[in-house]
Amino acid sequence: MPLDAKFIGRTYPPTEPYEVGREKIREFAAAIGDPDPAYNDPEAAKALGHPDVIAPPTFAIVVTMRAADQVVYDPELGLDYSRVVHRDQKFTYTRPVRAGDRLTVVTTVDDIKVLAGNDVLTTRAEVRTVEGEHVVTALSSLVARAADESEG
Amino acid sequence: MTAKISFDDVVVGTELPTRSFPVTRETLVRYAGASGDFNPIHWNGRFATDVGLPDVIAHGMFTMAEAARVVTDWLGDPGALVEFGVRFTKPVVVPDTVEGATIEVTGKVAVLLDDRRARVDLVVTAAGAKVLGVPRAVVQLA
Chain A
1 MPLDAKFIGR TYPPTEPYEV GREKIREFAA AIGDPDPAYN DPEAAKALGH
51 PDVIAPPTFA IVVTMRAADQ VVYDPELGLD YSRVVHRDQK FTYTRPVRAG
101 DRLTVVTTVD DIKVLAGNDV LTTRAEVRTV EGEHVVTALS SLVARAADES
151 EG
Chain B
1001 MTAKISFDDV VVGTELPTRS FPVTRETLVR YAGASGDFNP IHWNGRFATD
1051 VGLPDVIAHG MFTMAEAARV VTDWLGDPGA LVEFGVRFTK PVVVPDTVEG
1101 ATIEVTGKVA VLLDDRRARV DLVVTAAGAK VLGVPRAVVQ LA
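Protein chains in written order, with my numbering: chain A, 1 to 152; chain B, 1001 to 1142.
So that you can see chain B by itself, here it is in the shape it has in the complex (with noise of 0.2 Å):
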């Protein structure tokens, strides 16, 4: 494992480059193919409608893979991250449109931990919502 940050060149408070992902419709099909998790509210309007939600729903475990990107693309190895735990808090609401819908996350140092590892606190919104609650991770750096 070999961060390409290294632990003094950081601070609290040093930001990772922040980044927005798009949603869409077909993402969460593909999504849904390749880790197993069929749900239909995650794919379709009507089953999404019937059981109270809004509209077709991300899986949260796909808001999640996008907030680990800021902090894998900003270590340069992804096996550098060795804790990331966050709360599903809202859900991103993906309409049926080509635009679909849009993850915004950002990324700071909160805390600087023994053994050169440090604490990242994100914020991940969609339509100006916080939709994940504490989003933490804990990173190796170089």
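The shape of chain A in the complex, shown without the other chains (with noise of 0.2 Å):
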């Protein structure tokens, strides 16, 4: 069955603040391979301008998928979250997320179409510090592969 449109605009709530912490990114950036200073040493950072360590840009996605789990486990809504697969993603960044910072998020519905069968879902995050300063909005699409596709 299809998602129902009557969902696109629909905004949920912010989230509760997620505190990002030295740690944090150093384990990000540790795993994705990344040795860059800015990311691990508070005064490299604050050579390149930076009030402390930044994260790798595609942290951001660890905010923003806890956010996104409002939308994708509403009940409402229906999405079947087994049968998703990430699709197109986009981040775009007034300043990058750094240690200290306590972000927030408001998750929007974007879009709700159909193509060729699956569903797809478009969700805009906008994620701001508690202070309300923006410092990434998230575009993110699931598709929902149809019930009925052979499982192959």
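No lab work stands behind these hints, which were simulated from the structure alone.
Note that the structure is a prediction, hence the values are computed from the model and not measured.
One thing to keep in mind: the hints can contain errors.
Stated by the list, open to error - Mimicking DSS-like on lysine-lysine, the simulated pairs with C-alpha atoms at most 25 Å apart in a straight line are:
hint : chain 1 : residue 1 : chain 2 : residue 2
1    : B       : K1130     : A       : K90
2    : B       : K1130     : B       : K1108
3    : A       : K90       : B       : K1090
4    : A       : K6        : A       : K113
5    : A       : K113      : B       : K1090
6    : A       : K46       : B       : K1090
7    : A       : K46       : B       : K1004
8    : B       : K1108     : B       : K1090
9    : A       : K24       : A       : K46
10   : B       : K1090     : B       : K1130
11   : B       : K1004     : B       : K1108
Two chains, each in its own frame: build the complex with the hints.
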């Protein structure tokens, strides 16, 4: 059954703040194999004009993925998450995520459509500090494969 | 934000240093832990083949992270990356071998924009196939 288009435009309440820690950034940078000093050494980050270590660009997904759970597990929407794959991802940064940030996310359903029988759900996550400063906007689209498709 | 590359030093066609990044099962387990994405298609071969995949596949966001490194290393300041988008077109299949898989990334300046910005277009492949569709970054140059 296709997803209900009435969800387009729905905005979910802001998430509880996610506090970005230096050690979490370090762990993420190590996991992607990136030794960039801006992620590891506060002095190196300061030399580039940042107040503390910054996070790799795709770290923002850690914060927005949790927020997206509000949508993908919304029982009213009825998305079958076991059939979901990531289709598109785009980040637009006002500034990098950095250690010490307390980030809250407001997620909106931007679009729902059917492509080749599969549901495509596009969400927009606006990530701001608890003080209200915009940090990054993440656009994500997910595809839920049609339930009657053969499983191979 | 202080990119080490000046807008005045690039032209359309300026190439970024090409890189290759290895991905093994261990890499994916580490990424799962750090990112919080524990979907078993990224570490459990039995589960992956049960849902119709050829084998365990890398997280799309891992592949996107490796692609970003080519841009951030070139810039010298990762904070000078202002926009980055991709489409996940083909999975990076990661066999349970010592070598695993390899993600190859090339990039070049495609468009010069206002305010000393530029668009960088990447080509990201694994096993000879493009795995990301239209991977594009906008960067703020010095």
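Structure-based check of each hint:
1. Straight-line distance between C-alpha atoms of K1130(B) and K90(A) comes to about 18 Å, which keeps the hinted pair within the 25 Å bound.
2. A distance of roughly 16 Å separates the Cα atoms of K1130(B) and K1108(B); the hinted pair therefore holds under the 25 Å criterion.
3. Proximity of K90(A) to K1090(B) is assessed by CA-CA distance (about 17 Å); at most 25 Å being required, the pair is judged to hold.
4. The hinted pair formed by K6(A) and K113(A) meets the criterion: a straight-line CA distance of about 11 Å does not exceed 25 Å.
5. Proposed proximity of K113(A) and K1090(B) is supported: the alpha carbons are some 21 Å apart, at most 25 Å.
6. Under the criterion of a C-alpha separation no larger than 25 Å, the hint pairing K46(A) with K1090(B) is inconsistent with the structure, at around 38 Å.
7. With a C-alpha separation of about 15 Å, the suggested pair K46(A) and K1004(B) falls inside the 25 Å cut-off, and the hint holds.
8. Among the hinted pairs, K1108(B) with K1090(B) is consistent with the structure: their alpha-carbon atoms are about 22 Å apart, no more than 25 Å.
9. Of the supplied pair hints, the one linking K24(A) and K46(A) holds, its CA atoms being roughly 19 Å apart against a limit of 25 Å.
10. Taking the CA atoms of K1090(B) and K1130(B), the gap is near 7 Å; set against the 25 Å cutoff, the hint holds.
11. The suggested pairing of K1004(B) with K1108(B) holds, with an alpha-carbon distance near 16 Å, which does not exceed 25 Å.
Violated hint for the displayed structure: number 6, the only one.
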